[in-house]
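Student: Dock chain G against the given chain U, drawing on the hints supplied.
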Amino acid sequence: MPVSLSNISWHQNGSKRLSYAVLFFQTLFTILALYNIKEPVSIPFIKLPFAIAILAALYFLPKPFYHPVFWASLLAYFSILLVKDFYGVANHHFAACYILIALIQYTAGSRPDDDLLKFHIRFILMMVLLLSAVQKFLSPSYTNGTFFQFEMYMDIFLKPMKWVVPGWQNAIAENLEAYKQLKAVYPSKLETIILREPISHAAVIAKTGSWFAIIIEAMAGIALFAKSSHRISHVLLLATIAGVFFFRQETGFLAMLSCMGLLLAPAKSWRNIWLFCFIVFAAMVATGAGLR
Amino acid sequence: MKGLVLKYALPLLILSVAIHQFYMVYQNRLTRWKGGGFGMYSEMHALTREVWIGKADSMWLASNPKVTKKEVANKANRLRFMPNKNKLLQFASYAAKQYGYDSILVQVWEPILNPENNTLSRKLISELKYAGKP
Numbered sequence: 106m107p108v109s110l111s112n113i114s115w116h117q118n119g120s121k122r123l124s125y126a127v128l129f130f131q132t133l134f135t136i137l138a139l140y141n142i143k144e145p146v147s148i149p150f151i152k153l154p155f156a157i158a159i160l161a162a163l164y165f166l167p168k169p170f171y172h173p174v175f176w177a178s179l180l181a182y183f184s185i186l187l188v189k190d191f192y193g194v195a196n197h198h199f200a201a202c203y204i205l206i207a208l209i210q211y212t213a214g215s216r217p218d219d220d221l222l223k224f225h226i227r228f229i230l231m232m233v234l235l236l237s238a239v240q241k242f243l244s245p246s247y248t249n250g251t252f253f254q255f256e257m258y259m260d261i262f263l264k265p266m267k268w269v270v271p272g273w274q275n276a277i278a279e280n281l282e283a284y285k286q287l288k289a290v291y292p293s294k295l296e297t298i299i300l301r302e303p304i305s306h307a308a309v310i311a312k313t314g315s316w317f318a319i320i321i322e323a324m325a326g327i328a329l330f331a332k333s334s335h336r337i338s339h340v341l342l343l344a345t346i347a348g349v350f351f352f353r354q355e356t357g358f359l360a361m362l363s364c365m366g367l368l369l370a371p372a373k374s375w376r377n378i379w380l381f382c383f384i385v386f387a388a389m390v391a392t393g394a395g396l397r
Numbered sequence: 824m825k826g827l828v829l830k831y832a833l834p835l836l837i838l839s840v841a842i843h844q845f846y847m848v849y850q851n852r853l854t855r856w857k858g859g860g861f862g863m864y865s866e867m868h869a870l871t872r873e874v875w876i877g878k879a880d881s882m883w884l885a886s887n888p889k890v891t892k893k894e895v896a897n898k899a900n901r902l903r904f905m906p907n908k909n910k911l912l913q914f915a916s917y918a919a920k921q922y923g924y925d926s927i928l929v930q931v932w933e934p935i936l937n938p939e940n941n942t943l944s945r946k947l948i949s950e951l952k953y954a955g956k957p
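Residue numbers (our numbering), protein chains in the order written: chain U, 106 to 397; chain G, 824 to 957.
The shape of chain U in the complex, shown without the other chains:
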């Protein structure tokens, strides 16, 4: 029988209702492992013993993903990095810690409480998306479109456009060179440079894109918390993920969102979609094609 996504048998372990929980555990563990391999924040002599302990737990413990000690070991490691550089680690480092706490609670109980796990994951997802929208809304340079425009001019946002829009690449190259020269001069000389638009009406596009992101993220966050089993909620999350991916390849963060989408999926077809997204993003992190 050929192997396809539709033939994947969702593992039955621990809980009858949340039979695919182990797939969530596997995907989460994969992205956390990849994140740590690429993580620049490190403390000498900490990473290796933890890696040995966690891998030993993975291979020696029976059903390691259902053992709170396994997730607690990961949380301990993540917490050490968090305490060391609280204002320096990536935001999905915080998200990872929250998910690990939820998993410790889930696996430490006398029987797995599926509803509690789903409630925690819904809450985490809502906070991630809603906070992201609120922060953008409160930032003047975001709402007036100038942040978006700057990122577009400096080859950070919309990189794939260079294959679509003629002259995009040349305009970006000129902007980068001009900005490099500007930075070499002391600012009080009031030096200014004029940047080239890679596409006409760039300011309008930037402002529209900025507000679109705020609205979609806020809607997805609220919908996923209120109605996580509704298909529309997952369509909104997928739109958010597709938007972020198109603007900037934050694949580590997107893989984590896909994991959470997988756990909350309303049907097998949606689990396949989230699994596919996860595989693409995780592969991009592993190969360096995307950000960790």
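In short, the hints are calculated from the structure, not lab data.
Beta carbons are placed, not taken as given, at the ideal position from N, Cα and C, and that holds for glycine.
It cannot be assumed that every hint is accurate.
[As the list claims (entries may be wrong)] Covered, in the sense of this in silico footprint (three residues per stretch, anywhere, with C-beta under 8 Å from a C-beta of chain G), are these stretches of chain U: (1) 221-231; (2) 240-246; (3) 252-260; (4) 296-306.
[To be verified] Just some of the chain G residues that point at chain U, by a computed CB distance under 8 Å: (5) Leu829; (6) Lys830; (7) Val840; (8) Ala841; (9) Ile842; (10) Lys857; (11) Gly858; (12) Gly859; (13) Gly862; (14) Met863; (15) Tyr864; (16) Ser865; (17) Trp875; (18) Asn941; (19) Arg945.
[As the list claims (entries may be wrong)] Restricting the straight-line Cα-Cα distance to at most 30 Å, the calculated cross-link-like pairs of lysine-lysine (BS3-like) are: (20) G:Lys825 with U:Lys288; (21) U:Lys267 with U:Lys143; (22) G:Lys892 with G:Lys878; (23) G:Lys830 with U:Lys373; (24) U:Lys223 with G:Lys825; (25) G:Lys920 with G:Lys908; (26) G:Lys825 with U:Lys332; (27) U:Lys152 with G:Lys893; (28) U:Lys288 with G:Lys889; (29) U:Lys168 with G:Lys893; (30) U:Lys189 with U:Lys152; (31) G:Lys920 with U:Lys288.
Tutor: Just chain G, lined up with the frame of chain U:
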């Protein structure tokens, strides 16, 4: 009671971190990108900021390792994420000591784009003149 604690302890923790991050953004000038507030891509990244140090008539880019001592450059890079008065003071006293200066000027600049005419300039967002004591 135990059930309530199990259910709401984690959401309370998440809310606490978020509130703390907002406090740090508005009171201590932490960049929105950091601190667990999920404000990435909501404002200019701190790495676009420039830290210039020196005397008023001779300033240099502190984050440039070609013209700055490595440890000073590292601390200048960190300063960009939270350029409040305390952090500026800590950095200025360290840099002054490293260069054997009695006083030193520290400035943090950020790029600013005018969307109407596509002009990019820089804006001074933090400054401290350190004269050997706070």
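Student: None of the hints should be skipped; say for each whether it holds.
Tutor: To see whether the hints hold, each was checked on the structure:
Note: the segment 221-231 of chain U has 5 residues with beta-carbon separation from chain G under 8 Å; the three-residue rule is met and the coverage holds. Counting residues of the segment 240-246 of chain U whose C-beta sits closer than 8 Å to any C-beta of chain G gives 5, which meets the bar of three, so the coverage hint holds. Three residues within the 8 Å Cβ limit are the bar, and the segment 252-260 of chain U against chain G gives 5, so the coverage statement holds. Only residues whose beta carbon comes within less than 8 Å of a beta carbon in chain G count, and the segment 296-306 of chain U has 7; three or more means the coverage holds.
The interface hint given for Leu829 (chain G) holds, since its Cβ lies 6 Å from the closest Cβ of chain U, which is under the 8 Å cut-off. A least Cβ separation of about 6 Å between Lys830 (chain G) and chain U falls short of the 8 Å threshold, and the interface hint therefore holds. The beta carbon of Val840 (chain G) comes within 7 Å of a beta carbon in chain U, closer than 8 Å, and the hint placing it at the interface holds. For Ala841 (chain G), the interface hint holds, the least distance from its beta-carbon to any beta-carbon of chain U being 6 Å, beneath 8 Å.
With a cut of 8 Å, the hint placing Ile842 (chain G) at the interface with chain U is violated, because the nearest CB-to-CB distance is about 11 Å. Interface hint at Lys857 (chain G): satisfied, since its Cβ lies 5 Å from the closest Cβ of chain U, which is below the 8 Å cut-off. For Gly858 (chain G), the interface hint holds, the least distance from its beta-carbon to any beta-carbon of chain U being 5 Å, beneath 8 Å. Contact between Gly859 (chain G) and chain U, as hinted, is supported at the beta carbon level, the nearest pair being about 4 Å apart and thus within 8 Å.
With 8 Å as the threshold, the beta carbon of Gly862 (chain G) comes within range of chain U, its nearest partner Cβ sitting at about 3 Å, so the hint holds. Proximity of Met863 (chain G) to chain U holds as hinted, the smallest CB-CB distance being about 6 Å (cut-off 8 Å). Hint on Tyr864 (chain G) holds. Least Cβ distance to chain U is approximately 7 Å, under the 8 Å limit. For Ser865 (chain G), the shortest C-beta to C-beta distance to chain U is roughly 4 Å, which falls under 8 Å, so the interface hint holds.
Annotation: Trp875 (chain G) was flagged as interfacial toward chain U, and the flag holds, the nearest CB pair being 6 Å apart, inside 8 Å. This hint holds: Asn941 (chain G) has a C-beta 5 Å from the nearest C-beta of chain U, less than the 8 Å allowed. This hint holds: Arg945 (chain G) has a C-beta 4 Å from the nearest C-beta of chain U, less than the 8 Å allowed. For the hint pairing Lys825 (chain G) with Lys288 (chain U), the CA-to-CA distance comes to about 57 Å; that exceeds 30 Å, so the pair is violated.
Proximity of Lys267 (chain U) to Lys143 (chain U) is assessed by CA-CA distance (about 28 Å); at most 30 Å being required, the pair is judged to hold. Between Lys892 (chain G) and Lys878 (chain G) the CA atoms are separated by roughly 16 Å; this keeps the pair inside 30 Å, and the hint holds. As the CA atoms of Lys830 (chain G) and Lys373 (chain U) are separated by approximately 27 Å, the hinted pair is consistent with the 30 Å bound. Distance hint between Lys223 (chain U) and Lys825 (chain G) is fulfilled; the C-alpha atoms sit about 18 Å from each other, no more than 30 Å.
In summary, the hint linking Lys920 (chain G) to Lys908 (chain G) is supported, as the alpha carbons are separated by about 18 Å, within the 30 Å threshold. Taking the CA atoms of Lys825 (chain G) and Lys332 (chain U), the gap is near 26 Å; set against the 30 Å cutoff, the hint holds. About 25 Å separates the Cα atoms of Lys152 (chain U) and Lys893 (chain G), which keeps this hinted pair within 30 Å; it holds. Taken as a hint, the Lys288 (chain U) and Lys889 (chain G) pair is honoured in the structure, with Cα atoms around 14 Å apart against an allowance of 30 Å.
Distance restraint check for Lys168 (chain U) and Lys893 (chain G): the Cα-Cα separation of roughly 48 Å exceeds the 30 Å cut-off, and the hinted pair is therefore not satisfied. Taken as a hint, the Lys189 (chain U) and Lys152 (chain U) pair is honoured in the structure, with Cα atoms around 13 Å apart against an allowance of 30 Å. Restraint check for Lys920 (chain G) and Lys288 (chain U): satisfied, since their Cα atoms lie roughly 26 Å apart, inside the 30 Å limit.
Hint compliance for this structure: hints 9, 20, 29 are broken, all remaining hints hold.
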